[in-house]
Amino acid sequence: RKEVEQDPGPFNVPEGATVAFNCTYSNSASQSFFWYRQDCRKEPKLLMSVYSSGNEDGRFTAQLNRASQYISLLIRDSKLSDSATYLCVVKGGTGANNLFFGTGTRLTVIP
Amino acid sequence: EADIYQTPRYLVIGTGKKITLECSQTMGHDKMYWYQQDPGMELHLIHYSYGVNSTEKGDLSSESTVSRIRTEHFPLTLESARPSHTSQYLCASSELGGDGYTFGSGTRLTVV
Chain A
1 RKEVEQDPGP
11 FNVPEGATVA
21 FNCTYSNSAS
31 QSFFWYRQDC
41 RKEPKLLMSV
51 YSSGNEDGRF
61 TAQLNRASQY
71 ISLLIRDSKL
81 SDSATYLCVV
91 KGGTGANNLF
101 FGTGTRLTVI
111 P
Chain B
1 EADIYQTPRY
11 LVIGTGKKIT
21 LECSQTMGHD
31 KMYWYQQDPG
41 MELHLIHYSY
51 GVNSTEKGDL
61 SSESTVSRIR
71 TEHFPLTLES
81 ARPSHTSQYL
91 CASSELGGDG
101 YTFGSGTRLT
111 VV
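Taken in order, these protein sequences are the chains called A and B. For the first sequence, the numbering used here gives the first residue as 1, with consecutive numbering after it. For the second sequence, the numbering used here gives the first residue as 1, with consecutive numbering after it.
In short, the hints are calculated from the structure, not lab data. Since the model is a prediction, treat every value here as computed from it, not as a measurement. Note that beta-carbon positions come from the ideal geometry of N, C-alpha and C, so glycine has one too. Please note that the accuracy of each hint is not assured.
Stated by the list, open to error - Have a look at the derived ranges for each label pair, beta carbon to beta carbon: (1) A/Gln31 - B/Lys57: 16 to 26 Å; (2) B/Ile69 - A/Gly16: 47 to 57 Å; (3) B/Gly98 - A/Glu5: 17 to 27 Å; (4) B/Val112 - A/Glu56: 15 to 25 Å; (5) B/Glu79 - A/Leu80: 42 to 52 Å; (6) A/Pro10 - B/Gly28: 37 to 47 Å.
Can you make the complete structure from the sequences, with help from the hints?
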């Protein structure tokens with residue numbers, strides 16, 4: 001079983017739509033959670049960390065459900081510039097080799 | 001402006017050649033990493049380092065080797081490139097105890 005599982009999509013949504021991505025992780029001891037954004041043929045960039053209490057950054061809202069071991073990302077009022085692949089990332093214990101990346105969910109926002 | 005640099009950006013090379021992918025960061029980060037990513041696939045950790053003279057193998061087995069002689073520099077070497085090494089190689093760094101990773105722009109390697 002993979003450490004992190006995501007629906008690969010693609011999600012094709014019109015401008016202005018609200019879209020939600022989910023991700024599940026297998027290790028209940030995981031400590032930190034993130035969403036990264038990766039544009040085509042570019043490097044991943046940190047979008048936001050995910051906290052137990054949930055957090056919001058403008059049009060983006062991240063939620064964590066530890067009991068169900070899933071993480072979500074909600075994007076409101078989608079813009080064309082939101083088109084990218086969104087990577088769910090989970091960190092386990094204290095070692096360096098435990099940052100696990102999902103395969104990513106591809107989003108295309110259509111005019 | 002990038003704080004972590006990778007060169008070359010693209011590389012096409014023949015089978016059997018020795019290559020070194022360069023990675024340098026100016027943030028003073030102790031931890032550095034090399035990830036491998038095939039198109040449409042997740043990133044896999046192949047090497048990491050906690051600091052100078054520290055190198056460890058990651059979760060994905062790789063025929064490459066790394067060195068960490070200076071804090072800012074973490075090169076990756078393939079002694080004899082093969083077509084199966086064709087992939088994108090991403091270097092990243094983070095602070096000791098920090099969660100956020102900063103990635104370089106990657107090296108897209110093609111071995112023919």
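Hint check:
1. A/Gln31 - B/Lys57: 16 to 26 Å: Holds, since A/Gln31 and B/Lys57 (Cβ atoms, about 23 Å apart) stay within the stated range.
2. B/Ile69 - A/Gly16: 47 to 57 Å: Taking Cβ atoms as reference, B/Ile69 and A/Gly16 lie about 52 Å apart, which means the hint holds.
3. B/Gly98 - A/Glu5: 17 to 27 Å: Holds - the Cβ-Cβ distance for B/Gly98 and A/Glu5, about 26 Å, lies within 17 to 27 Å.
4. B/Val112 - A/Glu56: 15 to 25 Å: Since the Cβ atoms of B/Val112 and A/Glu56 sit about 48 Å apart, the hinted range of 15 to 25 Å is violated.
5. B/Glu79 - A/Leu80: 42 to 52 Å: Distance hint for B/Glu79, A/Leu80 holds at roughly 45 Å.
6. A/Pro10 - B/Gly28: 37 to 47 Å: holds, 39 Å
Checked against the numbered hints above, the structure breaks only hint 4 and satisfies the rest.
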